[in-house]
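Read top to bottom, the protein sequences are chains A, B and C.
Quick note: the first sequence uses the working numbering, first residue 1, plus one each step.
Quick note: the second sequence uses the working numbering, first residue 323, plus one each step.
Quick note: the third sequence uses the working numbering, first residue 665, plus one each step.
Mixed in with the good hints there might be a few duds.
Claimed, not checked - Calculated cross-link-like contacts (lysine-lysine; reagent style BS3-like; alpha-carbon spacing at most 27 Å):
1. 217/A to 135/A
2. 422/B to 790/C
3. 538/B to 340/B
4. 537/B to 340/B
5. 422/B to 476/B
6. 399/B to 694/C
7. 399/B to 790/C
8. 399/B to 716/C
9. 369/B to 537/B
10. 737/C to 694/C
11. 476/B to 339/B
No lab work stands behind these hints: they were computed from the structure.
All values reported here derive from a predicted model rather than from experimental measurement.
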Amino acid sequence: MPVESQSQIEPTRAMWLLVARRAAYGLRYFFHFLRVYPGYAAGYIIVLTVALVSMAAPAIAPFSPISADATVYLQPPTWSHLLGTDSTGMDVFSRLIFAPRIDLAIAVLGTLVSSVIGTAVGAWVGYFQSAAGFKSFLSNAVMRAADVLQAFPVFVFAIALVAVFGQSLNSLVLAIAFVNIPIYLRLMRSQVLRIRDLRYVEAAYIFGVPDWLIIGKHIVPNGIAPVLAQLSVNIGWSILLTAGLSFVGAGVRAPTPEWGSMIAMGFPNVMTGQWWPSVYPGLALAITVFGFGLIGASIEFLADPRRRRTLAAGTGLVPNRA
Amino acid sequence: MALIRQARDEPLSVGSKKPVLETDNLTVSYRPYGLPPVEALRKVNIKIAPGEILGLVGESGAGKTTLAKAIMGVIAKPGVVESGRLLFNGTNLFQLSEEKLNQLRGASISIIVANPRGELNPLLMVGQQLANIARIHMRVSARQARQLALDMLKAVKIPDPVRRFRAYPHELSGGMAQRVVIAAGLICSPQLVISDDATSGLDVTVQAQILDLLKKLARERQTSMLYITRDIGVAANFCDRIAVLYKGEIVEEAPTGAFFEGPSHPYGNLLLAAFSHNSVLRKRWSTELEQLQKRETPALACLFVDRCPLRQGRCWQEHPELRDLTPGRLIRCHYPVLRHRP
Amino acid sequence: MIVLRYIGSRLLFLVPQLIGIVLVGFVLIKAVPGDPATLMLGPMASADSIAKLRGDLGLDQPMPTQFLIYLEKLIRGDFGTSWQTTQPVLSDLRTRFPATLELVTYGLLLALLIAIPLGVFTAATKRRAIRKLGGAYGLIAGALPDFWLALVLVFIFYSQLHWLASPIGRIDLSVVPPDTITGFYTIDSLLTGNWEALVSSVQHLILPVITLGLINAGPILKMTQSTMERMLGSDFSQYERLCGLPRQLIVRHAFRNGLPSIITIVSVLYGFLIGGAVLVEIVFSWGGAGQYAVQGVLNSDFNPVLGFVIFSALFSLIVYLIVDLAYLAIDPRIRH
């Protein structure tokens, strides 16, 4: 390749070309992966479907999710009320497809917040654990504080947080975030402890690269894989927590549609045989969380270089290397 | 000097009895998912007579461990035994069921591994592990098995064997753990013992002791050995015959004395020259990398052609077969080295 | 000797850890809006009586003082009183904590019974399909909401099939609970020969225990399967195979080597479930400690919450101590 034409490309454009090419390869690999393992693909399909349905809910839902028609209460599933009605006459199906807007939003936001904070603090704590002086003391103090926080019964802790912040959607997000921070903190910390002993980190340090740059550029990107795998599973678990909180009345308030509170409202009726107001929301919960769990498992697979290479080798997707 | 002469004595029974182990055109390849297969062993033929110690010498990646695994029957995906027979006392091991093979392992054919502390079970006492092996293969009671284990520990000259019986693998030094693994390999008095690079990680003095011990025990019990190593110097003092493995092929096989007087294959000479004090010899047999022209190695060439200082036109075109040079010496080369000048 | 010293040093850490937990709990609970005095006296109470009650309860003191007063009472064994039950918290917990413990213990036992054989089997098998099934169980069990599963089981086995007793509480209303020795209805009725109570309490235990068992088998199965796979692929397992040891023995050894990881997750689950079984407790009106604490938070009844937090934390710490002792027993490498 003639040298002159290359020198005419500015460095930033060359860099973007490289990024674009890498991204394209990554996407092609990802779709190939989904084709070879349809099991994992199911997870993505489930979550995408739930998200899309909930976003399209205003258009799809036959009834308003909060309007109660007392004349048709506790009707079993029929063609007009696909999943029946609950004890106040609200249509179960409409409420079912509106509910994920709240559940997903709270869980995703809460998990994102907790992962960002937890990862950042965890990386800092791990890096300075055996540093001289005040930094290591602070690092150990943070770990002891995390120990104490984690010794708290999670559910009681979450309810108390909601009570403290007032029962609103924001406080639910905060409660979910709070409860999950120790997980990411510990995960990132153990990764950092493993990585900072590697030689290239030592080399960067000797070259005088400032600490925050080392953490940001070298350590975090290399340790982030388990965190990414944990994210999806965590979102699923946070959905369950939100539903549980709503079930005891400490989460989303009626009549806002939410799967957990729907189950709570239908609870007394189950004993007398009207199962549909409670069973369907639970089913929806289970399927959604299962989808997130599958996604988490697929990320674990993709993050493992051995399995990734094995899959790539058989496909002709391997980029041109010697 | 006496030691070397002793090693060059003819082994106890060559050619008179049926070989303990014989491979017949054994070919093993690795087939990684989606990639072209790699041949690890190509048509390997080796014979080990009863009571004989065969040294298998080769560099990393030559296929030595693959051969050991093939003999033990533990080749796992992506490795595949493509063709050939593996005869142990006349029986083709490839036709036996896994259960029968398991009965043979440890009892009739055993293997001494490298890195013993990593291979022993960390949660069990080493004596107990020896006793387990004895218990499984021989019809003995638990108490008898423990006694056998203790006897074996004494035989491998572990200091303070009674106390060491109750030791855990992490409490032992490298040399002691190696002795335990040797004990495990010999406790059932197998007919064939494979040593896979078993002494390479040890201190030199410890290595010498272990080798003396192995040799003594092998001769005492008429055990055949396949001694796999990268260290050709050790092989000189220890083995009765030497086989050289290069890229999955046997390129030379000879009695030790004859081999070390002068190898016939260029690769063997390269190996010896690397150890030699003689600067002329070293110069003659070193390959200056710049001198060698890189050419595409065609499929049917000799496998050594890109590193061989003696290569000629024919070597690029014709793959040499293993043939008899003199009775008892096999060579795979178009232009073997016949006269050796100091 | 080493063991005693180890226990001693751990117990030494116990006290400051507990104080830390009480402190955090105290701060948290005080941050919850809601005035206990007002709630206790009701909406009709006069401002004076409210003020007087606050003085009696010590609620008008500054926070640090309140904390110290609480600590001092704690040391004397006084956990305060719950204004909802009007009983001292300690006596409330004396019945409620064993109730939760009984439920969680049996639930975990069932989970172990399901998960460990399945985990070992799926890891040791050569068929990939079975291994994937094991993974699928873990995913599904982790996705089911426990309170929903409880509801479904009640619906099927009580409402529809009428196989089991009414799912309210730990024992039939018509049956007298056994005399309290341990607080476990099953054990106590066995010890006092009270067969009627035994049968009734077992009947009431079946559904909630199945719920907890099925769901918590998930994480245990995952951990067992992955640990066993790691052990079976490790060097020492290969070596045992090379020595000709039978497969059964190799699997048994691999399990023993993998026990520490499995014990870890069981202990974490045990501590978690003390508070985590609350939703199941609510569905079955179990009268357990988690329920007690949740009611406390929702109604600004502080003492039950703090009492529960302390009990639960103490329990977790003791479980971790026992587990660490178990590690010492299993793994000789740690003893040095």
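Results of checking the hints against the structure:
1. Distance restraint check for residue 217/A and residue 135/A: the Cα-Cα separation of roughly 21 Å lies within the 27 Å cut-off, and the hinted pair is therefore satisfied.
2. Restraint check: the Cα-Cα separation between residue 422/B and residue 790/C comes to about 19 Å, which is no more than 27 Å; the hinted pair holds.
3. At roughly 23 Å between alpha-carbon atoms, residue 538/B and residue 340/B fall within 27 Å of each other, so this suggested pair holds.
4. For the suggested pair residue 537/B and residue 340/B, the alpha carbons sit about 22 Å apart, so the restraint of at most 27 Å is met.
5. A C-alpha spacing of about 31 Å is found between residue 422/B and residue 476/B, which places the hinted pair above 27 Å, so the restraint is violated.
6. Restraint check: the Cα-Cα separation between residue 399/B and residue 694/C comes to about 62 Å, which exceeds 27 Å; the hinted pair is violated.
7. Distance check on the hinted pair: residue 399/B and residue 790/C sit about 13 Å apart at the alpha-carbon level, within 27 Å; holds.
8. Pair hint residue 399/B plus residue 716/C does not hold up; C-alpha atoms about 81 Å apart against a cutoff of 27 Å.
9. A C-alpha spacing of about 19 Å is found between residue 369/B and residue 537/B, which places the hinted pair at or below 27 Å, so the restraint holds.
10. With a C-alpha separation of about 17 Å, the suggested pair residue 737/C and residue 694/C falls inside the 27 Å cut-off, and the hint holds.
11. Between residue 476/B and residue 339/B the alpha-carbon distance is near 32 Å, which puts this suggested pair outside the 27 Å criterion.
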